[in-house]
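2 protein chains.
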Amino acid sequence: MATLVPLDAIATASLREHVHRALRQAILSGQYAPGTRLNERSLAQQLGVSTTPVKEALRQLEADGLVLTKPRSGVIVRFDYAWAEEMILARAAIESTIARLAAQRITDADIPALQQVLDEMRRATADGGVEDLIRLNEVFHDLIRSVARANYLRVLNDRQDVYDSGARRVIHMDPRERQQAFDEHSAVGAAVIARDPAGAEAAMKAHVLRAGESFLTLVFSKEKD
Amino acid sequence: MATLVPLDAIATASLREHVHRALRQAILSGQYAPGTRLNERSLAQQLGVSTTPVKEALRQLEADGLVLTKPRSGVIVRFDYAWAEEMILARAAIESTIARLAAQRITDADIPALQQVLDEMRRATADGGVEDLIRLNEVFHDLIRSVARANYLRVLNDRQDVYDSGARRVIHMDPRERQQAFDEHSAVGAAVIARDPAGAEAAMKAHVLRAGESFLTLVFSKEKD
DNA sequence: ATCTGGTATGTGGTATATCAGATTTCACAA
DNA sequence: TTGTGAAATCTGATATACCACATACCAGAT
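Chains E and L, in that order, are what the protein sequence lines are.
At the far end of the first sequence sits residue 225, using this note's numbering, and the numbering has no gaps.
At the far end of the second sequence sits residue 225, using this note's numbering, and the numbering has no gaps.
Check the hints yourself; a few may be wrong.
[To be verified] DEER-style ranges, computed between Cβ atoms:
| id | chain 1 | residue 1 | chain 2 | residue 2 | range |
| --- | --- | --- | --- | --- | --- |
| 1 | E | A194 | L | V170 | 39 to 45 Å |
| 2 | L | D183 | E | S186 | 38 to 44 Å |
| 3 | L | A22 | E | Q46 | 33 to 39 Å |
| 4 | L | A190 | E | S165 | 42 to 48 Å |
[Said to hold, decoys possible] Chain L regions said to be covered by chain E (calculated; three or more residues, Cβ under 8 Å):
| id | stretch |
| --- | --- |
| 5 | 53-59 |
| 6 | 81-87 |
| 7 | 93-102 |
| 8 | 150-162 |
| 9 | 210-221 |
None of these hints come from the bench; they were simulated from the model.
In this text, a Cβ means the ideal position worked out from N, Cα and C, and glycines have one as well.
Could you put the whole structure together from the sequences, leaning on the hints where they help?
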């Protein structure tokens, strides 16, 4: 007898979410240069949907800060080096706050799962595939968020993803980067388990900022003003 | 000869912005209890508009984190004590990051304006009206943001307003609160002018957290779990 | 040549109708 | 009484048509 698992998020998402995802990816990966004008009608046509979900997705992108809507004039992409830099600062600020909460609120029941993920990460760092590492990375950060019992902060965090999937893959292939990231994750995990709020906050902030730097130099290689 | 000033933002705002503002205010002021279901059609009818701007405003509220949309089922208000608490943490994290940037990026040309606002605040704290103080508060924080040349962070910041206008007015009437807020603003301003990033960040974080506490105890008086 | 105002066109903004999934209700059988 | 499931109903999701403002362009005046 077959066992069924819940459909994955991508299958159940509404059109609006699909559009949002697609546009977001296109902007972050640089397919739309800063200043590019996005036209509701042509986007709708390209994607084969009506303008309504496109319009809603654009509204979400506006909230994400990736796009600026000039009423009755146009929707303009805003994402460049300085923008990415600020997004990383924001992410560091929010995720470090989450880490602090996690250290304050962790219970004994939370510890085994955290240690298990760190173990898996250690193995994957040494000899795992890139996809595995990316997945574990997600799992780790998710776990911290859930240990922190953070809800609003999580919503905010979800809007701050600067990494497009291509860049993420490239970064996780570099052995030095892998080791560095693992060390940082360990430090965060240790501080959270030790119930050390200040330490967890500092470790997470350092990690996000450092990883962000790697990303910036890779994606905007040397094109800093 | 008459001189004309640009129309006020409220006059040029689109319906969607009006709806967003109205709903936001209603949620923050407690008119909609946590868990309340918001119905697109009835909201549209009450406000005398069609469902389209309502739908878009709800999408914005979702991005603000004030509302949860269950696809094809309903839109639910989520704003309670814990939520407000997290919003304040987030605001402290973001605004302190902005303050740090301001201290790093301030130029000599920025200083006079900052000092002037602080002077005005000093006077208004002692004997000014509540409306004046609220306005100057806005001006001060805006000035810090513009000195920081922060763009993305500003977008984020705009979505983190937890204070409804009624509560803000009450808070600014208390003399002790006024003095305390002024001292904190002074500290932030001094650190920024002194080009002390760490000091500015710490001062701003302390200010936002402390003011947030006042707000929480006022609005959710003692109903903490 | 340059400036002015009108006009055509493009764009997001809004209203409305319809679709399809979620929820509720309730008759009816076990 | 309890559980089942089908139908009615409620709700957001989507498609489409139309509107009003922004912009670009052009003719005519200076």
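Comparing the hints with the structure gives:
| no. | hint | result |
| --- | --- | --- |
| 1 | E:A194 x L:V170: 39 to 45 Å | holds, 41 Å |
| 2 | L:D183 x E:S186: 38 to 44 Å | holds, 41 Å |
| 3 | L:A22 x E:Q46: 33 to 39 Å | holds, 35 Å |
| 4 | L:A190 x E:S165: 42 to 48 Å | holds, 45 Å |
| 5 | 53-59 | holds (count 3) |
| 6 | 81-87 | holds (count 4) |
| 7 | 93-102 | holds (count 5) |
| 8 | 150-162 | holds (count 7) |
| 9 | 210-221 | violated (count 0) |
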